[in-house]
Each structure stands twice: as C-alpha cells, then as structure tokens.
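Single-letter residue listing:
Protein chains: 2
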Amino acid sequence: MGKAMADLRDWLGEISDLRRAAALLQWDKQTMMPRRGADSRTEQLATLERITHERFISARTGELIEAAEAERAAGPPDSIDARIVSEARRLYDKSRQVPADLAAARTTAASDGYRIWVQARETDDFATFAPALERNFRLTREYVSCFDGQEHPYDVVLDDFAPGMRTGEVTRLLGEMRDALVPLIEQLAPRPVDRSPLHVRFAVEDQRRLVDRVLHWMGFSDAGWRLDDTVHPFEQSFSVHDVRLTTRYVESYFPTALYAAMHECGHGLYEAGIAPELQRTPLGTIRSSAIHESQSRLWENMVGRSRAFCAALAPVLAEHARGALDGLAPEALFRAVNTVQPSTIRIEADETTYGLHIVARFELELALLGGALDVSDLPEAWNAKMAEYLGVEVASHDEGVMQDVHWSEALVGYFPAYAIGNLIAGQLWARIRRDIPELEDQLARADLWPLREWLREQVHRHGSRYGDRELLGRVVGEPVRVGPFIAYLREKLAEVYQLDLA
Amino acid sequence: MGKAMADLRDWLGEISDLRRAAALLQWDKQTMMPRRGADSRTEQLATLERITHERFISARTGELIEAAEAERAAGPPDSIDARIVSEARRLYDKSRQVPADLAAARTTAASDGYRIWVQARETDDFATFAPALERNFRLTREYVSCFDGQEHPYDVVLDDFAPGMRTGEVTRLLGEMRDALVPLIEQLAPRPVDRSPLHVRFAVEDQRRLVDRVLHWMGFSDAGWRLDDTVHPFEQSFSVHDVRLTTRYVESYFPTALYAAMHECGHGLYEAGIAPELQRTPLGTIRSSAIHESQSRLWENMVGRSRAFCAALAPVLAEHARGALDGLAPEALFRAVNTVQPSTIRIEADETTYGLHIVARFELELALLGGALDVSDLPEAWNAKMAEYLGVEVASHDEGVMQDVHWSEALVGYFPAYAIGNLIAGQLWARIRRDIPELEDQLARADLWPLREWLREQVHRHGSRYGDRELLGRVVGEPVRVGPFIAYLREKLAEVYQLDLA
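Going down the list, the sequences are from chains G and Z. The working numbering numbers the first residue of the first sequence as 1 and each following residue consecutively. The working numbering numbers the first residue of the second sequence as 1 and each following residue consecutively.
Bear in mind the hints are in silico, worked out from the structure with no lab data behind them. Built from N, CA and C at the ideal position, the CB exists for glycine as well. Don't take every hint at face value.
What the hints assert, rightly or not - Pulled a few chain G residues facing chain Z out of the computed Cβ check, cut under 7 Å: (1) A21; (2) A23; (3) L25; (4) Q30; (5) P34; (6) R35; (7) G37; (8) S40; (9) E43; (10) H216; (11) G219.
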C-alpha cells in the first residue's frame, strides 16, 4: 500500500471510530439510558457528531483524498483501495456542502424531536409534537438548499438513503407498485381467513425463548450479537462482531416480536457479513438503506412468512406456547401470517398492504418538504391518504401520523427505502430460487445456512463497495423493477386464498 | 459572563462531552458488549481518547485559559467561573508536561498489562506477568520524571488521585492508622463471632429485589440510574441524571452483592449530587479519588454495617430470603457483618483489616517506584507484609500479589485513596452525628434522606470546586486525621465484641 493510501486509511479509520462511538451513544439512549439522561446525551451526541463532521469535511481529508487519487491513478480502477478513494470522494464532496453548525443543529433537533415524540405519544398530543416536526422539516429544507443543481429538492434526502436514486424514478416505481397493489387488496381483503392462531396468549418469557431459537437459526450468536427490548425495534452494529437487535413483545400477539426480530436480524446479517477487511473504511458500512431494507424484508417476509418456513416454525411455536398452539398446522400458520388485512399501523401491516403505507408517507413527505402541505394540516392529510389507499379510518394520532419515529428524528427521505427494499427483495428472491433449487426443502428444515451464505457472497460482503445500480446489475442483471415483487406476491397469495391470481 | 469565559466554557464543555462518550464506551464494554466486539472497541476507545487528549493539551486550550484569566483578574477569586479557570489551568499545566509519545506508551502498556494480567491469573503465573509490571513501573518513573521540584517521586502519581496530597503526609497517616489497627486486630481476630446468617442460600433473583429495595432507600431512582451485573463492580456516570452501578451476586453469600451495591451507590450519590450547573465544566466531575472513596466507604460501612441500619435491614433480609433468615435478630446481623477476620483478599476484607491491605500496597508501591524493590522480589515482599500485618499466609499469586487489577493497568498511586477515604469518612461521620442528632433513629427506619441531603449540601454539590484540604477545612475544620476513624471503629467493635476498647 502506498503512503498516501495508508495515510488516508488511518484518517478515515479514526472517523469511522468516532462514528461508531456516536452510534453506541444512540443505541444506549434507546435501550439502556435512564430517562433523565436524555439532555446530557443530546449534548454529548451533538459534540461527537460535530467534531466528526468537522474532521471529515476538513481540508486535510480533501488533501489526503487527492494524494491517494494521484497515487492510485495508474492502478486498477476496481480494487478495494480504488473504491475506498472514490467512495471517500463521493461522501466528502457531499458532506462539504453542509456547514458544521447546520449538521449539529440537525443532530440536536433529531434528539429533541425524538424525546418530544415519545412524550407527546403518551397523551396522543399532536399539538405538542408539531413544533418539533416543523423544525425538522425546516432544517431539512435548509439542508437541501446547501446543494445545487437538483432536479427535485427531495433528490438530496433520497440520495442520503438510496444513493443515486432520483425522485422521478421513485415516483414511477411506487406509482406502478401502488397501481398493482390497490386492486389486489380490494379483491382479497374482504375474504375471511382464520387468524385465530396468532391471537393466543403467549407469555413474554416463552416468546423470548422462541425468538432466541429462530434468531440462532438465522445466524445470531451470543459471542457477537445482542437482543434487547425497545418500543420501536431497530438494529445497529459497532463492528462485524458486535451486532445489536431489538424487538418488542406483545403477550396477546406473538408475531410482533417474532417478525420484528427476524426483520432486524436480516439487517444484522447484512452488517455482520461485511468483509472484515473493509472495517474502518468508507466501504465498511452500508451505503444504501434500500438494499438494507431488502435484506430485512427478505428475511421477515420471503423467509419468515413462506409456506416452506412455516413448516419449520409451526412445531416450534407449539413447543413454546404451553399448549395454546398444540397441533398448529403449518398451512394454517401460513395463511394466518399472510392475510391481506388493511390496517392503520405500518409496522403491523401485512406484506401486501405494507407498500401503500409507504406510498402515503412518500407523497406526504414530498408535500411537506416542498411546502405544499403545512405541518398543522398533516393529520388530516394523513388520515385522508389512509382512507384513500387502504380504506381504513384512523382513530388517534398514535395510530396515525405519530406512529413512526422517523420524522421525529428528522429522517426525511427514508421511507421509500422500505418499499424499494421490497422491490429489490423480490428481484433477489427470484434469483435465489433459481440459484438454490433446494431452497424450499432447506427452509422447511430451518436450514438457513445456504441462503445466508448466498446473500453474504452476493450482497453482504461487499459493504459499500458498489452503488445500488451496480450491485443489482452484478447480482440480478437489471435495475430496480416492480414486476418480480408483484409476481412473487401474486403467487403466494394465490396459495393463501386458493385463487387464480395470475 | 464575559466572552473569554464563554469561549472557554464551550471548549471545555466539548472536551467533557468527549470524555463522557469514552466513558460510555468503557461502561458498555464491561456490561453489554458481546465478547467478540472487544478488538473494535479497543480501537474506538483509543481514537476517542487520543483525540480528546490532543484537544485538551492543544495551544487553543492554553490561549482560552489565558484569556479567561485576564478577563477574570478583577473579579471575585472564589466564584464558580474563577474556580473553573483555575482548575482548567491546573489540569492543563499538568497534562502538558507529558510528551504525547509517553502518554500513548502508558495507554498501550495499561491495555497490554491488563490483558497479560488476565491471562497470567488463569495459571497463577507471576513470571509471565512480571515483565508487564516492570514496564508499568518503568513508564511510571518516566512519567514522574516529567515533573520538576517534587519532594518525592511518588508525589506525582499521588497527585493524580488525591490532588494536593504529599507522600510524607500519606506515610504519616497510614503509619498511624497501621499502628492503631494492628493491636486491635490481634486482640479481636481470635474471638469467635457467629457468621452463619451470612452464609444462607439466597437466590439471585431474591437478592436482586433486596438490593433494589436498599438502593431505593439510598436515593437510586429508575429515572436516572441503572444497576447491572459485572464480575468487578464499579460505578460510572454520564451526567448527574445518568448514574450507573454494577454489582455481583453470589448465591451462597448475599453480603457480596448488597455491600458492593451500597458501595457503588455511595459513589453514585456523589456524582448525582454535583450541582447541575457545574456539568460540562472541569468542576463537574470529581477531583479526588480519596473523597470519592470516602463516600462509597461511608455508605457501605458506616451506614450499611451500622447497628442502627441493621435494625432496618434484618427484617427486609428475612422478607426476601424465603424463610432462610426468618427471625434474624438485628444484633446478630450487626455482629456478623462486622467481624474482624484477617484474610488475604482486599476486596473481601472486613472494615477493620481493610486498611492494612492498603498500607501494604502503599509501602510496596513506594519501594517499587523508588527502586528499592525489584519486581522479581515482589511476591516474597508481598507475602511478608501479609504475614506481618495480618498474620495470614498467601497460598497463591492469585490471592496475593496478582489479586488487584490496578498495577496491571499502571494505576500506581491509587491505593492510598481507599485508606484516606476511610479516614475522611471517619471525620465526616463524627461531624454528621453532631449535625443530625436523630441519625440513629433515621437509619433504623431506613430514612436515609437527611443523611443524603447533608452529604449533598456539604460535599457532593461542590464537584471539583474545592481541593481536598479546602473542602475538609470547610466541612470538618481540619485536614485528614486518623483519630476519628479509629475512635469510630473502636466504638463499633466494642459493641460487636462486647468489650471495653476505649
């Protein structure tokens, strides 16, 4: 390795360490921190993120990148080092547009907003939450205005979570998905399916044992992973050997904990699967939330709710449910967990209606960011979208506009990643079924190793080495498409509802 | 507030935030982190600590202090701001004496030394540990040589943990304490006391409830505190509203968990009691380990093992012990937890013999640092001290010279803080008994609020505003003295052994 490359790696390694430290402060805040520690934690995070940002956007970073670019000019363009330099260049050029004060203000607003959101939810009080939300969108507009030459202001925030994607493309993809989903839901939602197996009493301690079992099937190990409880499940990692998941337990509805855990473990497998030699480089984290969500949704739905996996799951559910699920038929479980049932809560939504929750949020974000919608009018607009796309009535802010953490933390532009992730998962799944002909037998035996290794080889190990388009090109030979996901869904729903949906 | 003062406060506030962040990484490493996360955590901590140190010793810190000194020259010398400036000056001048290379070498040696110590303990192998120990003392000598004009080389390290104390004073105090303790122990150790109530089977889950109850009496609240499990109990805080304790449970000996928790909670009350307006300044942490230990030892021993508090504790022990301690007499508990019983392990020593463990370590440290003792001769010297002061025979290095973590991590100069802390606690306790005549009644009712408020008012709220000598002068009107601690101990032991010890 040349001197310039070594210096750049050292410098970026320190920045990676600082980011990991900030991530731990975030994780702790949501899992371990006593409530009253919040104010000081907000200050600590703001300082850490400001200093990290200042270092990253400093002239020194630019000089080191330039020197490494010069040193590498003659080398192979696709080597790890070349990719480190080009990814550092991309992130540096983007970050430099944002003044440190604005970056710090966004961090503080995110932390405050989260706290206010938690409090406001206790009394279902949108009026208390609204000023924080207004500030978050105002700061997002300021952030967007730091960048020139965008086709659409939303392109800037979208690029933070799905680098290289454009608002126009997302609008087209989500529109196509919406147009396929709406008639499907209209056709299937009225048909009754027996969901009673999901509503048995299942003690939280028994659910913990169940979740532990399923996560270990997936690759969770106590030596390098943790699972904790939070109201809003999430995943975070501090190295490929330190991956942390959370889930949430509802005694009267076990799928909440089980599928949230599988979802977060899908994220965790991605981060645990990054090639260790990429750690402390810009390639050692995951560039795209869309790909990230493709992994979580794939494990949660395509594996977790598959007919084959239900054969492995049903007896284990019965084993842990103290009699309440004795004799549970895999087919009954498969039908129950795939019912099309429009509802108000995104994270509880079934696989089919889920996408419309995202479409609604995406459209509302666009309107809020562009100024076409005021925060004060948001609840009404929210409820109207829910009625229009899902035919449901929202009874409270808690199950309406205040259900998601994202906007409270100024995460604007994230939501499309979930839907795009579903679409990508559909493309990957089609490819996986061709590459692993024995997949169904393996899932039915809870033998998840071949699938995990396929994902590691094709996707995980690369970290941020490739952009979404390049990665998809390598793995499935095409850009994001709606078709495979809808085809997958139709095939599954035809089995669930015993109808011809082709 | 003037501009220079505001700038200095901002700058030091950031440094405080970075230190708190590093402390969280340390806490997590010992409580939550999956085992395989260790290597990355070491890198993250090293980066965070290096960057924090660089910022603090930078020319900018010096300029800001100088400007604030000039601005404050005309103001009152005892204001909070004046104290912030003078404490920043003290710490800055001290830190700047140490070349960055030496600071880094000490950090590395501490980390290596700890690892080697852990390994060497597994096979009770002093020969493997000795080179690390030699290096730690050599680097400590180099560190000492960075400072001019000391009466004694040990003054430099002592000042790190008990700022302002001198080796001569500690030698005199510990000598006087030793001379009082040795005959007391010789007289009492042979007398039998029934300790059987301490050795009942006490399920860990029941102990958790017991500890939770007692900690809440002390002021622990779920909103601002946590209690977790570790092999080596410790306390750490990230703000006055985020205080974390750990303890360790032994099913066959409940005092381990209970008294470790009370000890750590004593530390925690100190940190929680610092005036909130001192946070993010150099006064917002605790300057002196000696005063810190005075608080933990006061709660653990003077409260926790008092005759009065045993009246509150005995029925609660019985309540949680599922029959094993039914009818436990407070007097029997009081006698059992105050037995004088020489042993080889410091952290398990009773209140009376504890001090001699410290005297031995202090004398050995002095000899090692001064070169009068070689590391190779240390085990023999250690065992001789144990025989001389405590009359015990050391059967292995594990229960001898390799029992403590301190020297492995190059923490030379810390040990006296424990004994000086006991002496200070003795002085505070005498004062408290005069100031709160109803103290015994309150302890017997587990009404710990008046005591806690006294300590907060007199000691805790000041944070690092005063040096030890100044603080003691304000609170007890005298410097550290041995007499009150010995008098307290004699009075208690006379009750325990029903003898006239006056």
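Evaluation of the provided hints:
1. A21: OK, holds: A21(G) within 7 Å of chain Z, min 5 Å.
2. A23: With Cβ-Cβ at 10 Å, over 7 Å, it is violated.
3. L25: At 6 Å from the nearest chain Z Cβ, L25(G) passes the 7 Å test, so the hint holds.
4. Q30: Violated: closest Cβ of chain Z sits about 13 Å from Q30(G), beyond 7 Å.
5. P34: holds (5 Å)
6. R35: Holds. Min distance 5 Å.
7. G37: holds (3 Å)
8. S40: holds (3 Å)
9. E43: At 6 Å from the nearest chain Z Cβ, E43(G) passes the 7 Å test, so the hint holds.
10. H216: violated (14 Å)
11. G219: violated (13 Å)
Violated hints for the displayed structure, listed by number in ascending order: 2, 4, 10 and 11.
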